[in-house]
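Chemist: Sequence:
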Amino acid sequence: MLDAAAAKNYNELCERHKTDYTQLFGRVKLQLNPHAPMTLQYPAVTDLPTHQRLARYRKGNPDYRLEEIYYQFGRYLLIASSRPGNLPANLQGMWANGVDGPWHVDYHNNINIQMNYWPACSTNLNECVWPLIDFIRTLVKPGEKQPKPISAHADGQPP
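Every position in the sequence shown, counted from 1, becomes a number in my numbering once 912 is added.
One or more of the hints may lead you astray.
Said to hold, decoys possible - Here are the computed lysine-lysine pairs in the BS3-like style, where the Cα-Cα straight-line distance is at most 30 angstroms:
hint	residue 1	residue 2
1	LYS971	LYS941
2	LYS920	LYS930
3	LYS930	LYS941
Hints are computed from structural coordinates only; laboratory data are not their basis.
With the sequences and hints as input, model every part of the structure.
Modeler: Right, dumping it as structure tokens:
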């Protein structure tokens, strides 16, 4: 697979990627305030670089389009990291800084892995949840062999 990808040029890979992700990405169009005024107080903010837009936003200046982009960015990350037939999104994904990121870029079956999927269905990416469901199913048999957790001492008090 890697050799086949390496044989393609950038434009071919980019077009293939666009074709792949737009099938899911194009399902949702979010407009938080389509009538936001473009006045002197709110100049063509969409022409500003992202870091300037973020600085303005932190000072309380509205930027509905930036909020829309952030929403869609979250959807894009889930599309890119969790597709049927693959492993679920982990804590850092392919965006970790280096080969071994925080928490070893692994799976933590506490709230961490589930949080990656909270927005999946409400953002119309239902099939992106299947890798998590499939992963959890693989844990059932090994989990049956684990000892039961100690829920209380003999006196009934928590440990």
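Chemist: Each of the hints needs a verdict: does it hold here or not?
Modeler: Taking the hints in turn, this is what the structure says about them:
1. LYS971 to LYS941: OK: LYS971 and LYS941 at ~27 angstroms, within 30 angstroms.
2. LYS920 to LYS930: 15 angstroms, holds
3. LYS930 to LYS941: 17 angstroms, holds
The structure agrees with every numbered hint stated previously.
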